[in-house]
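Asks: Chain order of the listed sequences is A and B. Note that the working numbering has the first sequence beginning at 1, numbered continuously upward. Note that the working numbering has the second sequence beginning at 117, numbered continuously upward.
None of these hints come from the bench; they were simulated from the model. Be careful, since some hints might not be right.
[Said to hold, decoys possible] Covered stretches of chain B, going by a simulated chain A footprint (3 or more residues, C-beta under 8 Å):
1. 140-150
2. 159-170
3. 197-209
4. 212-224
[What the hints assert, rightly or not] Cut-off 35 Å, straight-line C-alpha distance, at most; resulting in silico cross-link-like pairs (DSBU-like, lysine-lysine):
5. B:Lys179 to A:Lys71
6. A:Lys71 to B:Lys211
7. A:Lys27 to B:Lys179
[To be verified] So these bits of chain A aren't anywhere near chain B, every CB distance computed over 10 Å:
8. Val4
9. Asn7
10. Arg13
11. Arg14
12. Glu41
13. Gly42
14. Leu43
15. Asp56
16. Lys62
17. Glu68
18. Gly73
19. Arg78
20. Gly103
21. Gln105
22. Gly108
23. Leu116
Just so it is clear, CB atoms sit at the ideal spot from N, CA and C, and this is done for glycine as well.
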Amino acid sequence: NAGVMQNPRHLVRRRGQEARLRCSPMKGHSHVYWYRQLPEEGLKFMVYLQKENIIDESGMPKERFSAEFPKEGPSILRIQQVVRGDSAAYFCASSPDGTGGFGEQFFGPGTRLTVL
Amino acid sequence: EDQVTQSPEALRLQEGESSSLNCSYTVSGLRGLFWYRQDPGKGPEFLFTLYSAGEEKEKERLKATLTKKESFLHITAPKPEDSATYLCAVTNFNKFYFGSGTKLNVKP
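Bound-form chain B, shown alone (with noise of 0.2 Å):
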């Protein structure tokens, strides 16, 4: 079955304590993944687009990575302004299929 899921579901971090979200996906003809940020009462923001295994996209504190099975988003130092749900989403150009997201909190 395609499916695409997020771990952990909530994660709570210090201030400046990297971390990593997992994002992996059984989605079968991978044509693109996507990672977007979502705040409370808002629509997701996207972030990132991954095509292919071994591409990285950076912006700011944020890292995403991609293999043939799952991709990672690195938080390098973490603000409590990055504190957001973060949603991974795939494609096979047939659908899109979106991961439940990873609930991040960050603390002064």
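Next comes chain A alone, as it looks inside the complex (with noise of 0.2 Å):
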């Protein structure tokens, strides 16, 4: 069974412009979490989604930041005319379908996304 899988893995970004990054959860799970990271910081959630709902983004800034998880394909994390402070590494998390969503979260291996 494939881990939680994100891409890309590294992510360079001029300012103003959109990225966008994706993940593909854990085979049987239908729970994706997003969670920002700076260096030497903790894990900040952003976003839960179920697959084709936002459950909660309560920690998604209101303004340039979007996610989606659609029925088919990969959860996506979009971030519009980026800036210099949303570089960070941005962690994906999926959690399995019978612990409703509050289950164990196993991690990806993180999108670093650089703004210039």
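Given two chains presented individually in distinct reference frames, assemble the corresponding complex, making use of the accompanying hints.
Replies: This is the structure in structure tokens:
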């Protein structure tokens, strides 16, 4: 069973461009979480999604950030008009279906976004 | 306020020197507590889940315990390869709450 997959692993964008981060959860997992981590800091919750639904987006900035998890395909975190402050590691985690979304989370390797 | 606090922030040990990491929480309605290990530049790796006070889990040199207010991650005779940041997370089936982690450095 493949683990959580994220791509790209590294992404470089210039200010004002768009960044798209993809996450494929583990097989049998339909709950996806996105986190942001700055160097030497903890994980900051951004959004919790199930297939075709946003369950909790209380950690998402109100502007420029959006997330989706379509019926088919990976979950996508989209950042429009990136600024230098968006530079961080973005981690995706998935949780097994039988736990109601609140069982142990399994993390992907992360996408490191650098905004020039 | 619901929160998770980990201490110490950083810990330096000599190889073989046993110690414990602490995770205290004020989250109401605890439904699960999780420990993770994170190496630099990588995603957190799941270690343990604890569900109720008195529960214990072991894996190699690591042992996790849980009380009603806190959890401990005991490291017995650590080796340099145990160096990492250890994260604690709590869920009340409404949200997940992560601590800021303890950065462990084990010197040979």
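Asks: In terms of Cβ atoms, is chain B entirely out of 10 Å range of Leu43 (chain A)?
Replies: Non-interface label on Leu43 (chain A) violated, nearest chain B Cβ at 5 Å vs cutoff 10 Å.
Asks: Take a quick look at Gly42 (chain A) and tell me if its Cβ sits farther than 10 Å from every Cβ on chain B, holds or violated.
Replies: For Gly42 (chain A), whose nearest Cβ neighbour in chain B is about 4 Å away, the distance does not exceed 10 Å, so it is violated.
Asks: Over 10 Å to the closest beta carbon of chain B is the bar; see if Glu68 (chain A) clears it.
Replies: holds, 20 Å
Asks: According to the definition I'm using, a residue is off the interface if its beta carbon is farther than 10 Å from all beta carbons of the partner; does Lys62 (chain A) meet that for chain B?
Replies: holds, 19 Å
Asks: Test the statement that Asp56 (chain A) is away from the interface with chain B: the closest C-beta pair must be farther apart than 10 Å.
Replies: For Asp56 (chain A), whose nearest Cβ neighbour in chain B is about 7 Å away, the distance does not exceed 10 Å, so it is violated.
Asks: Would Arg78 (chain A) pass as off the interface with chain B, using Cβ distances and a cut of 10 Å?
Replies: At about 20 Å from chain B, Arg78 (chain A) clears the 10 Å cut-off, so the statement holds.
Asks: Would you check whether the claim that Gly108 (chain A) is not at the interface survives, using Cβ distances to chain B and the 10 Å cut-off?
Replies: Gly108 (chain A) is in fact no farther than 10 Å from some Cβ atom of chain B, at 5 Å.
Asks: Please verify that the nearest CB of chain B lies beyond 10 Å from Val4 (chain A)'s CB.
Replies: Since the minimum Cβ distance to chain B is about 8 Å, Val4 (chain A) lies within 10 Å and the statement is violated.
Asks: Within the segment 197-209 of chain B, is the number of residues with a Cβ closer than 8 Å to a Cβ of chain A three or more?
Replies: holds (count 4)
Asks: Would you say Arg14 (chain A) is clear of chain B, with no C-beta pair closer than or equal to 10 Å?
Replies: holds, 23 Å
Asks: Between the alpha carbons of Lys179 (chain B) and Lys71 (chain A), is the straight-line distance 35 Å or under?
Replies: violated, 40 Å
Asks: Given the hint that Lys27 (chain A) pairs with Lys179 (chain B), test it: the Cα-Cα distance must not exceed 35 Å.
Replies: holds, 29 Å
Consistency with the previously given hints fails for numbers 5, 8, 12, 13, 14, 15, 20, 21 and 22, ordered from lowest to highest.
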